[in-house]
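Residue numbers (the working numbering), protein chains in the order written: chain G, 910 to 1239; chain R, 910 to 1239; chain P, 910 to 1239; chain Y, 910 to 1239; chain F, 910 to 1239; chain V, 910 to 1239.
No lab work stands behind these hints, which were simulated from the structure alone. Keep in mind the model is a prediction, meaning the values are calculated, not measured. Any given hint could be a false lead.
As the list makes no split between identical chains, a pair holds if one copy fits it or if it spans any two.
No more than 20 Å apart at the CA atoms, straight line, and that leaves these computed lysine to aspartate or glutamate pairs for EDC-like [to be verified]: (1) Lys964 x Asp938; (2) Lys963 x Asp1105; (3) Lys1148 x Asp1135; (4) Lys1076 x Asp1224; (5) Lys953 x Glu1183; (6) Lys1226 x Asp1208; (7) Lys1226 x Asp1165; (8) Lys1068 x Asp990; (9) Lys968 x Asp1224; (10) Lys963 x Glu950; (11) Lys1226 x Glu1183; (12) Lys968 x Asp1208; (13) Lys972 x Glu1128.
There are 6 protein chains.
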Amino acid sequence: MRLVTLFTGQWADLDLEAVCRKASGFGYDGLELACWGNHMEINKADDAYCASRKKLLDKYRLKLFSISTHLVGQAVCDNIDIRHKSILPDYIWGDGDPEGVRQRAAREVIATGHAAKRLGINTVNGFTGSSIWQYMYSFPPASEEMINQGFADFARRWKPILDEYQKIGVKFALEVHPTEIAFDIVSAERALAALDYHPAFGFNYDPSHLGYQGVDYVEFIYRFKDRIFHVHMKDVYWKENPWSVGVFGGHVPFGDPRRYWNFRSLGRGYIQFEEIIRALNDIHYEGPLSVEWEDSAMDREAGAAESCDFVRDLDFKLSGIAFDAAFEKK
Amino acid sequence: MRLVTLFTGQWADLDLEAVCRKASGFGYDGLELACWGNHMEINKADDAYCASRKKLLDKYRLKLFSISTHLVGQAVCDNIDIRHKSILPDYIWGDGDPEGVRQRAAREVIATGHAAKRLGINTVNGFTGSSIWQYMYSFPPASEEMINQGFADFARRWKPILDEYQKIGVKFALEVHPTEIAFDIVSAERALAALDYHPAFGFNYDPSHLGYQGVDYVEFIYRFKDRIFHVHMKDVYWKENPWSVGVFGGHVPFGDPRRYWNFRSLGRGYIQFEEIIRALNDIHYEGPLSVEWEDSAMDREAGAAESCDFVRDLDFKLSGIAFDAAFEKK
Amino acid sequence: MRLVTLFTGQWADLDLEAVCRKASGFGYDGLELACWGNHMEINKADDAYCASRKKLLDKYRLKLFSISTHLVGQAVCDNIDIRHKSILPDYIWGDGDPEGVRQRAAREVIATGHAAKRLGINTVNGFTGSSIWQYMYSFPPASEEMINQGFADFARRWKPILDEYQKIGVKFALEVHPTEIAFDIVSAERALAALDYHPAFGFNYDPSHLGYQGVDYVEFIYRFKDRIFHVHMKDVYWKENPWSVGVFGGHVPFGDPRRYWNFRSLGRGYIQFEEIIRALNDIHYEGPLSVEWEDSAMDREAGAAESCDFVRDLDFKLSGIAFDAAFEKK
Amino acid sequence: MRLVTLFTGQWADLDLEAVCRKASGFGYDGLELACWGNHMEINKADDAYCASRKKLLDKYRLKLFSISTHLVGQAVCDNIDIRHKSILPDYIWGDGDPEGVRQRAAREVIATGHAAKRLGINTVNGFTGSSIWQYMYSFPPASEEMINQGFADFARRWKPILDEYQKIGVKFALEVHPTEIAFDIVSAERALAALDYHPAFGFNYDPSHLGYQGVDYVEFIYRFKDRIFHVHMKDVYWKENPWSVGVFGGHVPFGDPRRYWNFRSLGRGYIQFEEIIRALNDIHYEGPLSVEWEDSAMDREAGAAESCDFVRDLDFKLSGIAFDAAFEKK
Amino acid sequence: MRLVTLFTGQWADLDLEAVCRKASGFGYDGLELACWGNHMEINKADDAYCASRKKLLDKYRLKLFSISTHLVGQAVCDNIDIRHKSILPDYIWGDGDPEGVRQRAAREVIATGHAAKRLGINTVNGFTGSSIWQYMYSFPPASEEMINQGFADFARRWKPILDEYQKIGVKFALEVHPTEIAFDIVSAERALAALDYHPAFGFNYDPSHLGYQGVDYVEFIYRFKDRIFHVHMKDVYWKENPWSVGVFGGHVPFGDPRRYWNFRSLGRGYIQFEEIIRALNDIHYEGPLSVEWEDSAMDREAGAAESCDFVRDLDFKLSGIAFDAAFEKK
Amino acid sequence: MRLVTLFTGQWADLDLEAVCRKASGFGYDGLELACWGNHMEINKADDAYCASRKKLLDKYRLKLFSISTHLVGQAVCDNIDIRHKSILPDYIWGDGDPEGVRQRAAREVIATGHAAKRLGINTVNGFTGSSIWQYMYSFPPASEEMINQGFADFARRWKPILDEYQKIGVKFALEVHPTEIAFDIVSAERALAALDYHPAFGFNYDPSHLGYQGVDYVEFIYRFKDRIFHVHMKDVYWKENPWSVGVFGGHVPFGDPRRYWNFRSLGRGYIQFEEIIRALNDIHYEGPLSVEWEDSAMDREAGAAESCDFVRDLDFKLSGIAFDAAFEKK
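In isolation and in its complexed conformation, chain G is listed as follows:
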């Protein structure tokens, strides 16, 4: 049975020790630390800091498998504007000049890899940003050349980071997600190709961002079976009947009942986790199942507790006996 961890990104308003205490009480085996709030501060992450973080987790018998840099990672190849100020540390935002922000973000992601190494782990999850997400549905049409340039820009900015990661034995796992360079199976293939299949690059699998789009999230696992470096368990609901707002969201905020889709506490949405577990077994994924809990309608403590139980009830060990042997007997 895989271990069940809690991603701390939705709890960054709390001190890390408070999160440890709660997660442990909910029954989690470990944490996936967000590199924001005070959970994992890259600019302080020397050996002593890393040791103290490990010690804190140990105190609550929580394991660590990965750290996550969604916010800073986003800035590496994004079109930077005022929205980024609210998600970046001041020392990365600086004067807000886009190219400067992107370069400082790239250096921070490298530093994050080194911090991971210091923590004794080998996986950094995160976002990459994308200079072409805005052309997702574009009118006037974006030319194929503009799209190619977006993937080239991604590769140009991320390859040096990945090279450094490879040197130190760390991997970067992109959470495939709208707004990122990869957001479905085809764009994930194209991102890999743009990087010449760099061995340090893979995916933080999260079905919730694929299901409501109509992307085959079970097939995703088989297609990228050697690149699933980490797994998020996150649920989502979407409308089965036509509605006032469609999948493009109608400029309506999360949680509004008019929305076409919303994230949900595990087991309360439409993701078929049974099929995911079986596919993860088929590809022999043995890492943690990391709950990213988000449900704008529900108390997060109750939700995080029930989601931990949900994953434990669902996950199962592989068969220990050969199937054919059993069948021969019956």
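Dock chains R, P, Y, F and V against the given chain G, drawing on the hints supplied.
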């Protein structure tokens, strides 16, 4: 029975007389003229030009109900970039300075209204552009204030145009469409509210842009029953099962079989036109049914011909006798 | 290929000759005459009258297979109230005393059988009424005994009519329909049982009254294969998604777009006529396919014409060669 | 988390203390008392009686939020017949003269409001009856005028009751249900309009009577967000494939496997309670969730116990933190 | 509540006592013993052996209701080939001459009935084999005569066995299953008819072999309500969307993710057990619910434990009170 | 637009000239000749015979693209038994010794290739047989080795035939079909691999044999885009709801209404031909669309005529203009 017209936007590579000859041969009753190519040139559209256009249509016994300014309209409140150069006349693009482009586009849309008037019609269809479409799914998150500003910008730029239209008895019909200020029911309501329900503003109803999103395109008709100024008949196909590319399109060009959705010749997609016809009857829409033909896999002449037949077979006259009277007898 | 007839019930506001002229023009092979309006007047139906009706149909080359007494039949075992006045001839309504109305209606149905005989046909379609339809969903609950009494009342009132029919070689075909003694498969079985499977009693099969209820209208044909005396072709639409009004109708009149279901011109609703034709072939039904046209949103002349074409395109001859022989060769 | 109560209507064959003991053992927080059996006897309900009922509930630590008058309420504007005798106390049935029964029932409903007041609660649930339910699907057709008269009769008989309720600060909550004046969204709107939106009139929301009809029971909550005075949790199953009996019930008793629909123990039917809980959160409903347990195939004690657990597992607290704050961090 | 047993066929690699210990630990009430491995050895099954088996089960407080002879039963009327060697004891396989194998198998099945008797039970479950399964989809076509001969061969070989069973008061329950003489409703009817409805012949109901074929497994229960002698609880998953392999299996082994269907641990597949329990209640089946656990992807011990819980949570007692009485009160 | 041909396999009871006359009358452009009946007799097919066949077709202005050897091809690697006698010419059946039959059949298939050459065409359609179809669902289980042997036997027997075909420039197109070595996507891949992707081996695509199995027949086209040598247009219906007979067929003959699936005249079944046409366009298939008409319930002449019309209405020319150009303008 409503008249069936052909929108000339997909035929702008041809001389208008060639289009007239073909459309007439396919069986259409009229045309909806695109304000690009040489079909309807606003900068030449004095009385003599307009009279000659009318005469040309008359020669082929084709009626005219509306003209369409999708390309220039798009520039009125869009974030202008290099993509716009390919869709705008040189005299509007000018030096490409965004604010200048937007203002020249706004003046051109007003001129388009006057040209409509000169043609003896009262409907201009088109796009509006949107400064916030890029925030459709946004990370970092766009604030509610940024969204509000987008609607305010739309209202500030379009109200003067609409005031002028109202003065001369012409209406503007936005084709609700991704990339525009309104792209589903909720954003259409918000656009109307932003304009304080300006009487000169309504919609060019087109189900194809709503269906694949999961928007209830039949409900749209009832919700905006007094604002349906014009109707496009356009079909679209979408995947019913999860797939490699989702609704966000995977940066894959139209026509690629990996796409989640593609436009199709009428009757070959998933739009339920029967329900649309009934709803249009219920709201007493008596304008033309204008075929916007687009199917990247199919010969356009064969498609335009079959689509004209499709609309004629489908459309029907309202009942001439009271229902209750008939029922009493049975 | 079966012959296609038009039921005149929805055209009773017109003189019969006008209906003949239209039906012939629409392409029908014959008529199913309603016993109301001036189409078939039972109180005048002596030999001369019947001969003149036949002659009128002959003039338009129209055949006759059945006549229909829905309105008077309804009164035979119904709870009579003021609503019945509007559907009954004065000489049957009389003073409106319920028992008197029921007995006069019963005598009229017998007379209708004799008229059929005089017309040279052997089928009378119609309704039966029901004293227990009002207990369909009942609170306070109706006891099983009350339901039994309803079927007993039906049998008591209809058996004498059917005996008389049997004597003269005529059959009565109930259109299974809400408000009647039988409205689904189980109640149809119970009605037959209540009559001790009287040989003169069977059904005028009409899928439109079954489909929106969730009754298996194809199975109906197989279940009652020896009792399908006549067939109505009538289409109906129903909502596939939950809605403001449910199947009980919300006291909303026919044609209102808020309704859960409405009758429709053939091919525009949800009835799977292909399966019906195949089932009718399987049971060797060789009578006419009689179009009962009703669509509160559509011009009835256009609808009747398209429905005749629809039935002709759909219906097909049975295979003339043995299947096995063909298969052996391939 | 809302409190979970048990409606005692299906347990009226037992003495109230026995029901208290069982409900407490099953884990319920309170009861919704039926005004029949010996649970809540309106004709005895003076101060002493009411105090003793409260004391009995207190003994088992059970709370009280509402009492229910489905049986007597039904008689207020129904067409009274012999069926009503079995559900009414003798002192209301009296000689069975319809108008007398209706007037005595109306007075009893007023007395029920006073009893509620004496019990310290402000909600009376119940039925209203309907003089026009029998015209649900009517042939001969009921005129629009007849339907209007039914709503007028309802208003005429219920307004005086509601005025009295308003005076004493009590509300009447109709359980929207076939056989009542309101049975779907449209008829519920019409009932409210008939009462000029009387502030003392609202609904005892129960999805089980809506789902199998095809009525959008989640939309119902949003549509009447200020009128949801009380909530029943009751589940129902219906056939997804066509069948021998349709939704009109085939005169087949509850529990018969041939039925199209049957009530079921919670979680064993088709009602999507997850969506109901979210909608109730959206409208800030903070009253009890009252289990009305009915499943003709299942032992009621086992069923009531599992249903209490089901509701507790499903219900959840609203989010305590602002959504945007969480999102900004991720 | 019915008792829950575990079928030992998938555990025949373990010593019976080991299975008893595990099954008891998982919470089962009893076992269904496979007549292979060392669980139930027919060639040793004298009184002493049978008594010792009973004693062993008693030691673990496990009940016995049936024994199962799928492997030997299969050989009775199958086309014997090399595959059968691996599933038969040497003393039945002998020299492998087909007719000799079939006759020895038939004698063994009779001996199995006597062993059942000695164990104090009256049900033997098993397979029958079929000489015509290979003509399931046949090209060149199999003639109707060949099919008839297959059923005749089945009857000729099984009637003597069943006669013997009847004499000693034991019944044979065929598990309806592809590869057997009966594998759906129609072939089950035909098998019964071929045996002239022999009273000793019935079915070991197992929905998993019917569901993925598209056979109505709930209807099966009602159709054969007097012949359901035993029940297997086994779940199965199948693809809802078209796929690389279809229902015929593509010569791909069980557990391969490309397969169209696979068996699954209870509750993780598509079988609607709720409807099965209700149907079993309707026909008053009071025997055990025997879990046949098979899931090629899952650890069998975890699976057998969760499946026992699943059945207990699902199963329920029939209502102890008359339905009508309850309804009268509400 | 592709040409539409009629496969003569279902018309082999008629003289070829009779078939030519009918096919021409139905509107077909050509024939696909069956190598049985007197349509194409391989043992007589010298130059003169072939010239006369061509001349006969020319007389009716019918084209020829392929000939078909389903019956003889089946015998090449099948397990020969008495069923084969009815489908083989006497000179191939001979004494019926299986190995002799298989070798004579192989020689005949080579001769068929030479005949094709003589006819001036390069495609022979047909079946291959399979020694392992009987293990499709097998109990006792077939070992993986037995399956491998089946594919090896297929390769051993067919490679010499294909080598000869390659020499003379002819291709063999297997109709993927239950009972053959390939019957879905995975087995088709395995068959190709077994032949080391022999260039003379490909497929006669026929969706009807894939759809009811649950095989993705549109994906089949993309997967084997270079191996689609010929295309059959054939429709099939299958049950959407569970039923008495499942997909394994219940030993019930074609045409029986209890069957799960049956072939149908084009447009009357469930195959989505629209998607097939688009996929064939995407892979640039330019061969004929050959109607294989089979519908056990329908007159074959009416069916063949309507099916020709159906294909012509559905098929369409590819777009003659680049999509991007059109889009730029709008």
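We went through each hint and held it up to the structure:
| no. | hint | verdict |
| --- | --- | --- |
| 1 | Lys964 x Asp938 | within (15 Å within a copy, 44 Å between copies) |
| 2 | Lys963 x Asp1105 | neither (35 Å within a copy, 56 Å between copies) |
| 3 | Lys1148 x Asp1135 | neither (33 Å within a copy, 25 Å between copies) |
| 4 | Lys1076 x Asp1224 | neither (34 Å within a copy, 50 Å between copies) |
| 5 | Lys953 x Glu1183 | neither (40 Å within a copy, 44 Å between copies) |
| 6 | Lys1226 x Asp1208 | between (31 Å within a copy, 5 Å between copies) |
| 7 | Lys1226 x Asp1165 | between (39 Å within a copy, 17 Å between copies) |
| 8 | Lys1068 x Asp990 | neither (24 Å within a copy, 28 Å between copies) |
| 9 | Lys968 x Asp1224 | neither (26 Å within a copy, 33 Å between copies) |
| 10 | Lys963 x Glu950 | within (13 Å within a copy, 58 Å between copies) |
| 11 | Lys1226 x Glu1183 | within (13 Å within a copy, 27 Å between copies) |
| 12 | Lys968 x Asp1208 | neither (26 Å within a copy, 32 Å between copies) |
| 13 | Lys972 x Glu1128 | neither (30 Å within a copy, 44 Å between copies) |
Against the hints set out earlier in the document, violations occur for numbers 2, 3, 4, 5, 8, 9, 12 and 13.
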